[in-house]
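S.K.: For reference, the chains in residue letters:
Number of protein chains: 2
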Amino acid sequence: MQIAIVVYPGLTALDAVGPYEVFNSAPGCEVRLVWKRAGPVVTDHGAFTLGATHTFAETPRPDVVVVPGSSANTGHAMKDATLREWLIAVHPHTRFTTSVCSGALVLGAAGLLQGQAATTHWAVMGSLAKFGAQARADERIVRSGRIVTAAGVSAGIDLGLALLADLAGTEDAKAVQLAIEYDPQPPFDSGHASKAAPATLALAGERLAARGRTPRAWD
Amino acid sequence: MQIAIVVYPGLTALDAVGPYEVFNSAPGCEVRLVWKRAGPVVTDHGAFTLGATHTFAETPRPDVVVVPGSSANTGHAMKDATLREWLIAVHPHTRFTTSVCSGALVLGAAGLLQGQAATTHWAVMGSLAKFGAQARADERIVRSGRIVTAAGVSAGIDLGLALLADLAGTEDAKAVQLAIEYDPQPPFDSGHASKAAPATLALAGERLAARGRTPRAWD
Chain A
1 MQIAIVVYPG LTALDAVGPY EVFNSAPGCE VRLVWKRAGP VVTDHGAFTL GATHTFAETP
61 RPDVVVVPGS SANTGHAMKD ATLREWLIAV HPHTRFTTSV CSGALVLGAA GLLQGQAATT
121 HWAVMGSLAK FGAQARADER IVRSGRIVTA AGVSAGIDLG LALLADLAGT EDAKAVQLAI
181 EYDPQPPFDS GHASKAAPAT LALAGERLAA RGRTPRAWD
Chain B
1 MQIAIVVYPG LTALDAVGPY EVFNSAPGCE VRLVWKRAGP VVTDHGAFTL GATHTFAETP
61 RPDVVVVPGS SANTGHAMKD ATLREWLIAV HPHTRFTTSV CSGALVLGAA GLLQGQAATT
121 HWAVMGSLAK FGAQARADER IVRSGRIVTA AGVSAGIDLG LALLADLAGT EDAKAVQLAI
181 EYDPQPPFDS GHASKAAPAT LALAGERLAA RGRTPRAWD
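As they're listed, the protein sequences go chains A and B.
Going left to right, the first sequence walks through residues 1 to 219 as my numbering numbers them.
Going left to right, the second sequence walks through residues 1 to 219 as my numbering numbers them.
The shape of chain A in the complex, shown without the other chains (with noise of 0.2 Å):
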């Protein structure tokens, strides 16, 4: 089985590293973080960077895409034609096409999202309907046949057990969650649009445009 997660400058590590460290806690998988080249990629802070192990061109048939978001450079991803020529020509082979955060809308700019269900992170949920899709915000993994969307950054770690118990069974996915103990307890019930207070929503959009406002190095 073969995960191919999707590693443009720019992304957001957590959106990788969910999906990541899920499937690689599963034995029998694969998981490549793919690129036009292998070598360095930087996040959107542009502190953390991560290695991409495989290009596109090694990597013609994926059982599982995964897309991630970015708080800084999706605009660049849904332009990028390698990865959106790449994304068409894997896609109907896979088992799943997926994204985490603002992922959607790179599968969306790609074509995949036309008359599928779908979400995204809170802040960018408007953006679903010019690809033909329909946002579904209240839900965290949204399943429309084999395009499977999640919500903001950490919603990943929820879609990688998701697909795990599809792709390898429900006793795998419930000894991986285990093994990473992912028995979460938040300190605030503010971790969605809909239970956070105006004030915090406020502060947390302000913040994410001032990112997206910085000049990045790939600008």
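Derived by calculation from the structure, the hints in this document are not laboratory data.
Ideal Cβ positions, reconstructed from N, Cα and C, are used throughout, including at glycine.
Hints are not guaranteed to be accurate.
To give an idea of the interface, some chain B residues facing chain A are shown, with a C-beta separation under 8 Å as derived from the structure [claimed, not checked]:
#  : residue
1  : Gly-18
2  : Tyr-20
3  : Thr-49
4  : Ser-154
5  : Ile-157
6  : Ala-162
7  : Lys-174
8  : Ala-175
9  : Thr-200
10 : Leu-201
11 : Leu-203
12 : Ala-204
13 : Arg-207
Based on the hints, put chain B in the right spot on chain A.
M.R.: Relative to the frame of chain A, chain B by itself:
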């Protein structure tokens, strides 16, 4: 506010990336990934490489230290004299000296858990006593003065948010929780050893043990 996350060969990626994403989503935090040398560090599954940004020598006064765990190499990190000496040197000056998962054993090997309450990954909980620590197997985050230890892997997200609430205030921490959409919905209730079925516990234990026996580049 300087946050130093220790990245040693064989660490578990999510142990580091959970706290990384939390702290880097807050304004005013400078997050460093520290090791003996700046540059690539291979994580425990072998596929994921991340980049150390600074050396120990460049990081003499971090405000917060985070030591991640490993499914394959905690023993080497515990024996590493440079890491141990750095921990002993910086700890008296930190706001918090912390660990995720089996990173607690690295703090223990540096003598920092003597007489402290602590937690770690369930699979190595029995090792805490060797370092004079009182194990708290049922707590996800254990505070013992400036020493704060977290349970396995995914608990680093909860640790980051709990520390951020202390360091920057609850409003900041709530906004970060919303920014990373941390509204977890695990598919099963198998994330803690006390909740998992005996078969799940046995399967996860076998796999972790097998991973510990797999020879690695750093052995």
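S.K.: If a hint holds in the structure, say so; if it doesn't, say that too.
M.R.: Going down the list of hints, with the structure as the test:
Contact between B/Gly-18 and chain A, as hinted, is supported at the beta carbon level, the nearest pair being about 7 Å apart and thus within 8 Å. Interface restraint check: B/Tyr-20 against chain A, minimum CB-CB distance 6 Å, threshold 8 Å, status holds. With a cut of 8 Å, the hint placing B/Thr-49 at the interface with chain A holds, because the nearest CB-to-CB distance is about 4 Å. At its closest, the beta carbon of B/Ser-154 sits 4 Å from a beta carbon of chain A; the interface hint therefore holds under the 8 Å criterion.
The restraint placing B/Ile-157 at the interface with chain A holds, with a minimum CB-CB distance near 6 Å, inside the 8 Å limit. Interface restraint check: B/Ala-162 against chain A, minimum CB-CB distance 5 Å, threshold 8 Å, status holds. Look at B/Lys-174: its Cβ gets to within about 4 Å of chain A, closer than 8 Å, so that hint holds up. Checking B/Ala-175 against chain A: minimum C-beta separation of about 4 Å stays under 8 Å; hint holds.
The criterion of a C-beta within 8 Å of any C-beta in chain A is met by B/Thr-200, whose closest approach is roughly 5 Å, and the hint holds. The interface hint given for B/Leu-201 holds, since its Cβ lies 7 Å from the closest Cβ of chain A, which is under the 8 Å cut-off. Taking 8 Å as the C-beta contact cut-off toward chain A, the hint placing B/Leu-203 at the interface holds, the least distance being around 4 Å. This hint holds: B/Ala-204 has a C-beta 4 Å from the nearest C-beta of chain A, less than the 8 Å allowed.
With a cut of 8 Å, the hint placing B/Arg-207 at the interface with chain A holds, because the nearest CB-to-CB distance is about 7 Å.
The structure agrees with every numbered hint stated previously.
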